[in-house]
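Colleague: Here is what each chain is made of, one letter per residue.
There are 2 protein chains.
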Amino acid sequence: MTATESALAAVDTGLDQSLDRLFELIRIPSISTDPAHDADCRKAADWVVKQLRGLGFKADARETIGKPMVVGHGGAKPDGTVPHVLFYGHYDVQPADPLDLWTSPPFEPQLVDTPTGKQIVARGADDDKGQFMTFVEACRAWLAANGSLPIAITVLIEGEEESGSESIGPFMAAHKDELIADVALVCDTGMWDAETPAITTMLRGMMKDEVFITGPDRDLHSGMYGGPARNPIRVLARILADLHDDAGRIQIPGFYDGVPELPEAVKAQWDALDFDAASFLGDVGLSVPAGEADRSVLEQIWSRPTCDVNGIIGGYTGEGSKTIVPSKASAKVSFRLVGQQDEAVIREAFRDFVRARVPADCTVEFKVLGGGPPLEADLSRPEVAKVAGALEAEFGKAPVFMGCGGSIPIVGGFKDTLGLDSILVGFGLDDDAIHSPNEKYNLSSFHRGTRSWVRVIGALAGES
Amino acid sequence: MTATESALAAVDTGLDQSLDRLFELIRIPSISTDPAHDADCRKAADWVVKQLRGLGFKADARETIGKPMVVGHGGAKPDGTVPHVLFYGHYDVQPADPLDLWTSPPFEPQLVDTPTGKQIVARGADDDKGQFMTFVEACRAWLAANGSLPIAITVLIEGEEESGSESIGPFMAAHKDELIADVALVCDTGMWDAETPAITTMLRGMMKDEVFITGPDRDLHSGMYGGPARNPIRVLARILADLHDDAGRIQIPGFYDGVPELPEAVKAQWDALDFDAASFLGDVGLSVPAGEADRSVLEQIWSRPTCDVNGIIGGYTGEGSKTIVPSKASAKVSFRLVGQQDEAVIREAFRDFVRARVPADCTVEFKVLGGGPPLEADLSRPEVAKVAGALEAEFGKAPVFMGCGGSIPIVGGFKDTLGLDSILVGFGLDDDAIHSPNEKYNLSSFHRGTRSWVRVIGALAGES
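For the protein sequence lines, the chains are A and B, in the order given.
Numbered according to the working numbering, the first sequence terminates at residue 464, and the numbering increases by one at each position without gaps.
Numbered according to the working numbering, the second sequence terminates at residue 464, and the numbering increases by one at each position without gaps.
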């Protein structure tokens, strides 16, 4: 039996306990965007540290300007004779609201039977606890089977990925020497489908901003003032409506500068994938693609920039009616970026677009909510072929090299600050409902993901 | 001394006790929208009944489907030989919140000195306790001076004007025979300014609706779905933005049907009023009139129909960001109506306007929030000239015949159910802050208002 095969057997026999450990972590409501859960975030960080130390890693939860940063070093000595990977994940999760739409409590994980197999249902089951625990459990199985890990491993698990990752940039800059590695492994993406693994090669960037419009200096009686008094909801609605034309094209001047045309070869590849646009939208109760009318749905998600209003509020929103001209209205807006689009340039262009549409007697304020650059992976790295081989061995199918509509800002940070390329491999699925109620992670994703990382460790170490 | 002059003298000598009685009533926190104050509403109703009985009226507090209805009959026998008026007011008040903005407790009335005279500060000081008590105290003064009232008077004081007036419609329908009169007198409006009385001749109507748009069947991750997934906030913003053109004109087909052009004579009268549009808007931090660009600000408030979004909500509205394509967005919209605009027709036209802009794969639902017809007083009624003469005698200035931007639904109810025209005379002022913290009523409004009703009683009775 090879070391890899022994470790795979250990994964299988230890799966129940692996699941128990994952459930323990899930139960900690580590919602980073809400200060009420600061202690929970700390608790989750400490829990991860304890797990890593249990695997013989030198690990701790470092103080940052924000949430604690888990850093661990383990495996073979990083003396240049063995591969050295830096594994990234995040222990923080999205808020769970709206709570009334969950079929079980978001922080009480359930193992649910379905016609397509068992599912772990909880906030964080996929994003990102289930995902990063596949790697931790792979290390555990390898150690249990073989006594020592054959590659050098640095583990970096942050606590603010869902709330803007304020701390990790400065942290990486301050600890460059400690975070040396050959390549980063990021487990925060998905498979092509439940049977087909993937390596994600393109990530959209992000620019998030909040807009606050004030009209009258207080809510007004709409009989007394309705007509002449400027309504900030009307001002805001006009701004938001103007952002797109009827063909789905964003109207901010200069917005498409730096947006590359998709190479024909890539477009042909994507068109050849068995992507069912109708059922992709149908799965969520939609049928009419809302993006740029002259692009396929896959392009709309993977390689075209977008704009979405994530939230809006203004005036009276309680029961019944209140006939006011409200004083204030605000909206949270986020843009997905591609190619050479520049977050700072887009932010200023957006703010200028807004200001140009605010009447002289109203005020507008802005608040930065976050951002990060778009990215494209370097597929020529030797580790990529090894990871691809490991995935093919586990799933019996070659991985799809796919784009990703989402943004994973850390990948840019790894490149810019640590000089590291990243390989993005994950085991999530489109219907995992991440960021939504009833988030789930297939048990098979957790199991086969753990097995896949065991194979990756073996492949990087030079095992066949 | 005429009967009127004797009664006026009685008003003046009895002012302090009149104020004491008003303060007693104000101290009862008769907030109708809050069930916790049901007993207070009953107490206020009983208090009014007691006052009316003290004036020799046959009065009681009738049970309704909601709050008790005060009905009183007094004065001369209504045998057709004397004028018969139905006086309306309401004993319920608005909630007082936000409490922290009051300079004195809202239900502990203060008589406050100011550079422009004394003011009564309390919730209900103007709306409507101070206002209707001017009439009650006028009757008292007349009786004290002259022994009996020269006209027939029915008093109808409801307890739900601030909470939708559910009961008064059915009550009036059930008691039509008891509520016979020549004309209704409604004391719930204001003066032109502190020195100039007014008769309100136009009231805008109302149509209130709520719109709910659903896009995806749940909140979606905007990386995974942003682009092709329809965003209901974007759909709603487009709908709301389309409601007005850049000249402030409402774009719903047929909206302006039944909107009369202002008679030149009325327009000339309004243009001649010393209305300071700049300081009207400046008082609330605005300067650029937002209504129809080709209309004066007074027309925009008094005689033009409007549309306002009173509230909007959708997606994530908490702290920080959540990168979702939300499932839902909704808005509360209200229209002020004029002339022959029909509430039901406008509601359907608005809903058709919305439906036409909802993509095929989204759903829209509506909810009625309320409404009422616009009203224009019949100024040719003989009582109008008598009331105008009485006001001119008191203030030394002819009353302004003014519009009112707001809606007073009872006026429509009097016409439709009881066949009664209404004469709207009140002594409130724009800065009384009704519905707001630190509501006040000038002592001079209370005093001169009471004197004005004495003169009205005399004028209706045929005194010069």
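Watch out, some of these pointers could steer you wrong.
One copy or two, it doesn't matter: identical chains are merged, so the pair holds either way.
As the list claims (entries may be wrong) - Okay, derived cross-link-like pairs now, DSSO-like style, lysine-lysine, Cα gap no bigger than 27 angstroms in a straight line:
{"hint": "1", "residue 1": "K176", "residue 2": "K43"}
{"hint": "2", "residue 1": "K322", "residue 2": "K415"}
{"hint": "3", "residue 1": "K43", "residue 2": "K322"}
{"hint": "4", "residue 1": "K386", "residue 2": "K367"}
{"hint": "5", "residue 1": "K386", "residue 2": "K43"}
{"hint": "6", "residue 1": "K176", "residue 2": "K367"}
{"hint": "7", "residue 1": "K50", "residue 2": "K176"}
Simulated from the structure, these hints should not be mistaken for lab results.
Colleague: Run every hint past the structure and note whether it holds.
Modeller: Comparing the hints with the structure gives:
1. Taking the shortest Cα distances, K176 and K43 sit within 27 angstroms of each other inside one copy (26 angstroms), while across copies they are farther apart (71 angstroms).
2. For the identical chains of this complex, K322 and K415 are inter-copy neighbours only, at 25 angstroms across copies versus 52 angstroms inside a copy, given an alpha-carbon limit of 27 angstroms.
3. Taking the closest pair of Cα atoms, K43 and K322 come within 27 angstroms of each other only across two copies (23 angstroms); inside a single copy the shortest separation is 44 angstroms, beyond that limit.
4. Taking the shortest Cα distances, K386 and K367 never come within 27 angstroms of each other, neither inside one copy (44 angstroms) nor across copies (59 angstroms).
5. Taking the shortest Cα distances, K386 and K43 never come within 27 angstroms of each other, neither inside one copy (36 angstroms) nor across copies (80 angstroms).
6. In this assembly of identical chains, the alpha carbons of K176 and K367 never lie at most 27 angstroms apart, being 30 angstroms within a copy and 59 angstroms across copies at closest.
7. In this homomeric assembly, K50 and K176 come within 27 angstroms of each other (Cα to Cα) only inside a single copy, at 24 angstroms, whereas the closest approach across copies is 81 angstroms.
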